[in-house]
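All chains, full assembly: derive it from the sequences and hints.
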Amino acid sequence: MGTIIKNKRHYYTRFPIWLALILLFGLSPMIIGFFGAWVTELITGESCHEGNCTWMVLPWFTIITLPVGGGILLVYLVIIVIDTIRLLKKGNDRHANNRIKQMPQLLSVIDNASSNFCVLSAMVGEGRLLYSMDVTCKK
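For the sequence shown, the positions run 1 to 139 when our numbering is used.
No lab work stands behind these hints: they were computed from the structure.
Note that the structure is predicted; figures quoted are calculated from it, not measured.
Note that the Cβ used here is the ideal one computed from N, Cα and C, for glycine as well.
Treat each hint with caution, since some may be false.
In silico BS3-like cross-links for lysine-lysine, where the CA-CA straight-line distance does not exceed 27 Å [to be verified]: (1) Lys-8 <-> Lys-90; (2) Lys-6 <-> Lys-90; (3) Lys-6 <-> Lys-89; (4) Lys-89 <-> Lys-8.
Label pairs and their computed distance ranges (CB to CB) [stated by the list, open to error]: (5) Tyr-11 <-> Ile-72: 34 to 40 Å; (6) Lys-8 <-> Tyr-76: 14 to 20 Å; (7) Gly-51 <-> Ile-31: 20 to 26 Å; (8) Thr-84 <-> Gly-51: 48 to 54 Å; (9) Ser-28 <-> Asn-7: 27 to 33 Å; (10) Val-39 <-> Asn-7: 40 to 46 Å; (11) Thr-84 <-> Val-57: 46 to 52 Å; (12) Ile-82 <-> Glu-46: 48 to 54 Å; (13) Thr-54 <-> Asn-7: 43 to 49 Å; (14) Leu-23 <-> Asn-92: 31 to 37 Å; (15) Arg-9 <-> Asn-92: 16 to 22 Å; (16) Val-75 <-> Phe-34: 52 to 58 Å; (17) Phe-25 <-> Thr-54: 19 to 25 Å; (18) Tyr-12 <-> Phe-35: 27 to 33 Å.
Given below as structure tokens:
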């Protein structure tokens, strides 16, 4: 079972939301500092810099939050890749199980299509089709 991505729908909901939150965390001191400085400049009419405005000191904290956010992003992407591989394997198993359920129908189609005696054999193990099918028709 996946940790974050449990089905294909989560690629459109969970993946972009968490990606945006991680990037927002990494860049938050810079965003907050520049927005606060912009509002201060609007109110006072003076330009804002590190010497006269504490808002412009906040972007320096990005030196800390950006590497932490990058590490979190790296871990997040590894989890997404692992979940994607698990989801693809689960999808392949589901298709294999559907083929196993369709084998009697396939046998009757082959038998009815040609008035020959046909034998369809497949190696099945643990509910999975092992992709070696053998069709033998005798007249």
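Each hint, compared with the structure:
1. Lys-8 <-> Lys-90: 12 Å, holds
2. Lys-6 <-> Lys-90: The hint holds at about 10 Å.
3. Lys-6 <-> Lys-89: 12 Å, holds
4. Lys-89 <-> Lys-8: Holds: Lys-89 and Lys-8 sit about 13 Å apart, inside 27 Å.
5. Tyr-11 <-> Ile-72: 34 to 40 Å: 19 Å, violated
6. Lys-8 <-> Tyr-76: 14 to 20 Å: 18 Å, holds
7. Gly-51 <-> Ile-31: 20 to 26 Å: 21 Å, holds
8. Thr-84 <-> Gly-51: 48 to 54 Å: 49 Å, holds
9. Ser-28 <-> Asn-7: 27 to 33 Å: 31 Å, holds
10. Val-39 <-> Asn-7: 40 to 46 Å: Hint holds: Cβ distance 43 Å, inside 40 to 46 Å.
11. Thr-84 <-> Val-57: 46 to 52 Å: 41 Å, violated
12. Ile-82 <-> Glu-46: 48 to 54 Å: Roughly 52 Å apart at Cβ, these two residues keep to the hinted range, so it holds.
13. Thr-54 <-> Asn-7: 43 to 49 Å: 47 Å Cβ-Cβ, so the 43 to 49 Å window holds.
14. Leu-23 <-> Asn-92: 31 to 37 Å: This hint holds: roughly 33 Å between Cβ atoms.
15. Arg-9 <-> Asn-92: 16 to 22 Å: 19 Å, holds
16. Val-75 <-> Phe-34: 52 to 58 Å: 28 Å, violated
17. Phe-25 <-> Thr-54: 19 to 25 Å: Check passed, 21 Å falls within 19 to 25 Å.
18. Tyr-12 <-> Phe-35: 27 to 33 Å: 29 Å, holds
The structure is inconsistent with the numbered hints 5, 11 and 16, although it conforms to all the rest.
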